[in-house]
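*Asks:* With chain A held as given, fit chains B and C onto it using these hints.
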Amino acid sequence: MRETWRRYRRHKPAVISAVLLLLLILAVVIGPFIWRVSINDIDPVAGLQGPSLAHPFGTDDLGQDLLARMIYGGRISLAVGLAAMLVSVFVGTLIGALAGMSRGPLGYALMWLTDLFLSLPQLPLLLMLIYLFRDGLKAVFGPEGGIFILIVLVIGGLRWMPVARLVRAQFLSLREKEFVEAARALGASPVRQVVRHILPNALGPVIIAGTIDVAAAIIAESTLSFLGLGFPPDTPTWGRILYDAKDFLDIGPHWALFPGGAIFIAVVAINFIGDGLRDALDARKVI
Amino acid sequence: MALLDIRGLKTHFITDAGVLQAVDGVDISINRGETLCVVGESGCGKTVTAMSILKLIAMPPGRIVAGEIVFEGRDLVPLTSNQLDDIRAKEIGFIFQEPMTSLNPVLTIGEQIAESLRRHEAVTKKQALERTIEMLKLVQIPNAEGRVHHYPHQFSGGMRQRVMIAMALACRPKLVIADEPTTALDVTIQAQILDLLQDMKERFGMAVMLITHAMGVVAETAQRVVVMYAGKVVEEAPVDELFGNPGHPYTQGLIRSIPRIDLDAQHKTRLETIAGSVPILINPTPGCRFAPRCRHAMSICAEKEPRLREIAPGHRMACHLGDAS
Amino acid sequence: MSQYILRRLMIAIPSLLGISLVLFVVLALAPGDPFGDLATNPNVPPEVQAALRAKFGLDDPIYLRYLHWLSAMAHGDWGFSFVSRVDVDTLILQRLPTTLYVIGSAQLLALLVAIPVGVFAATRPYSIFDQLANTFAFIGFSLPTFFTGILFILVFSVKLDWLPFVYSEVPGTGIPWLLEMIRQAIMPVMVLGLFQAASLTRFVRSAMLDVIRLDYVTTARAKGLGQTKVIVKHVMRNAMIPVVTLIALQMPAVFGGAIVTEQIFRIPGIGSLLISSILANDTPVVMAVTFVFACLVVLFNLIADVLYGWLDPRISFR
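Going line by line, the protein sequences match chains A, B and C. Position 181, counted from 1, in the first sequence is what this note's numbering calls 230; the numbers after and before it change by one each time, with no gaps. Position 195, counted from 1, in the second sequence is what this note's numbering calls 680; the numbers after and before it change by one each time, with no gaps. Position 6, counted from 1, in the third sequence is what this note's numbering calls 8; the numbers after and before it change by one each time, with no gaps.
Okay, chain A solo, but in the shape it has when bound (with noise of 0.2 Å):
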């Protein structure tokens, strides 16, 4: 664990990113307490405005405080970064287990499964997904929740093959190796095995996957939000900030980069600390 813990702190960019990231996350969970300014506050004569001291990332076309507006909805961005890692994770994680375990039929087509999502397009898919089922969820949870559910489902539901392979690989390797057959001798049932044996050593990179699927996953409801099919305009997500900014880049450029640099902050922060992770858990051979 401390030679983990040295290794990844000799890749610097991924101590730094680590750091950038927490501070990202403390201003959106606690931003909200300090900086009081209501996101829905219109105020037409202040339109457009750039960064002053009353509005520190300026104002858009209506005058809503950019700076409260990117926090409110950095809170989703990030949660919903987490929220399809860890189904992703999950569903990798057991489908993964399903067909590294089994050696029949069930393990093949597990894996062509696998292999036929990760030669879907997804994000036409995606859009596809949203525009038939969006109605539906709006309809029982909500705009809001409607729409955080189904995209956490549909980002998670799509990103769950690498760490299928990885656990599977994880599996099958790990199947053979000495301590593994010797709780087999010893009696040890199946699932035994899976939760003490083999799950705590793929753990490194499925860590690292996940990593990166949360970077994914805010890349992608980003996108989302930017073509204009995530969340409501109501809901200031910094991709959906950014999808409003986009027609006025000429005269109001700050509305679009400050939603656009937090999303790249937390993208390349995300992504080194998953390589400096891939350094520490020593586990570039794997991924």
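Keep in mind that a hint or two might mislead.
16 Å max Cα-Cα, derived EDC-like pairs, lysine to aspartate or glutamate [said to hold, decoys possible]:
id, chain 1, residue 1, chain 2, residue 2
1, C, K161, A, D299
2, B, K540, C, D217
3, B, K659, B, E687
Derived from the structure by calculation, the hints contain no laboratory data.
*Replies:* Just chains B and C now, kept in the frame of chain A:
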């Protein structure tokens, strides 16, 4: 004058754990037309010495920190890799240990042999192909005209090593360095490859530096032998002298570890081994490096490093045993 | 070789069927009847509605509906766009060349950047150039295409006013027409191409580093071939084999990027067609475009397989 004269060669590798002194002051010389065997356990610096000659080690982390490598009167150490390119394959050919991985899988063997000819000699494509086929015939590859267009994976290990030999000899080098050319092969094939190498040597008259860890191979092929241990030369002698009168305890151990079919049946002796293994050469201790494994070790062995000294004409060794001075 | 291609084709067909099945299941699971709102759409003539219900056999069991749908797709009968009032296949065929032009040029740009940079970085690992290339690649693939697109517009259209930020129908013919076509494609191609180049550079570099330490590279060096020839003929040639597969695996992401890029620059390709038909609830077009994207992915995988077989002589003999 010797064809190749290595003097005081030191090749070190910079690693995370420290400086690895893989080759630490080696002197080896080879005369024209001579077969010299360099023998020792794996990890004793034989391969690094050989690779240093043509700077084929990875640099960095490897580095030649001292010494001279004089080939036909010219020191190769200060030459750049570009300047060495004119000597590689043309003057000094190389045969590697692993025939399965030493050939490029996506090029035909013909392309790979002809490539060498095209680089070093003014030949047309057609002439290069003809010479390649001729070489393949010399190394006894059946149906050479057809096989020349085949890829490495279509050949067996022994056949690939024949291809490697053809490649190394294509430009008629004056010296061929063969780094454990038979280690990766089946026992029956090993003898064939050694015979082939011997044949080629007689035909072309080049010198051969044969690196091996098998004393049996040494006895069959060598004229002179250099024994290396832990990055240093510990003994050097003509082959008969070495086997008849081995001086260094390490050499004695190596010779005793040869399986003797003729003796075993009558004497039922156990095959001897040398206890322990080659030390890791990061910050080595002073004194003789073999001392920890040596059954004759004395107090001086831990303090003073023995120097190579002549104990009979052409027979030198580095050991305090029987050292009067 | 031809046998190998045939075998790859046989593998491509089930995956196409699989994708079509996934699409159909999604459609069937969707709440309500995706074609139901056609009934309330005043633009749809009643006889078309009746024909549609019959053609899709909306009251049949699901596997029959799937087979119906599949055979209709296979016959090129992709339905009718109620918004554009043309057949879906006509609509897609109109838009497809633009998309392929942009994606193709972007892919070309990506290769032209990534291969030299990746190769050069790999020959000098941990040098300043390598570290710079790595950092840029890392930043490059962390930058989402929609943000790079906006940055490019800000810099090259708004500030410098060099390039048009909206793709439009170019009047005229001859050289000026061609130049204008190229000029307006520069930004989208750069956005998409550089995003691709970023991840590709990392692939190329690591593939090169994997090969460069192999025994046969030392053999090539021992022949006195010289650095350039060793790198190009022996290392690159082998390193490209895994890179081809990785490029194919990236294709779904490329199409995702293309949709976003088309939307930003308002390029009239099938990506923007997808978005506009989603916004207009034009179900037949949404289904067909998604399926076309899926077919393109399978097609590029097939091309990659063929290239793989051509690059690696060991394949064709298996």
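*Asks:* Would you mind marking each hint as holding or not holding in the structure?
*Replies:* Checked hints:
Restraint check for K161 of chain C and D299 of chain A: satisfied, since their Cα atoms lie roughly 8 Å apart, inside the 16 Å limit. For the given pair, K540 of chain B sits about 15 Å from D217 of chain C by alpha-carbon distance, which is consistent with the 16 Å threshold. Of the supplied pair hints, the one linking K659 of chain B and E687 of chain B holds, its CA atoms being roughly 12 Å apart against a limit of 16 Å.
Hint compliance for this structure: no hint is broken.
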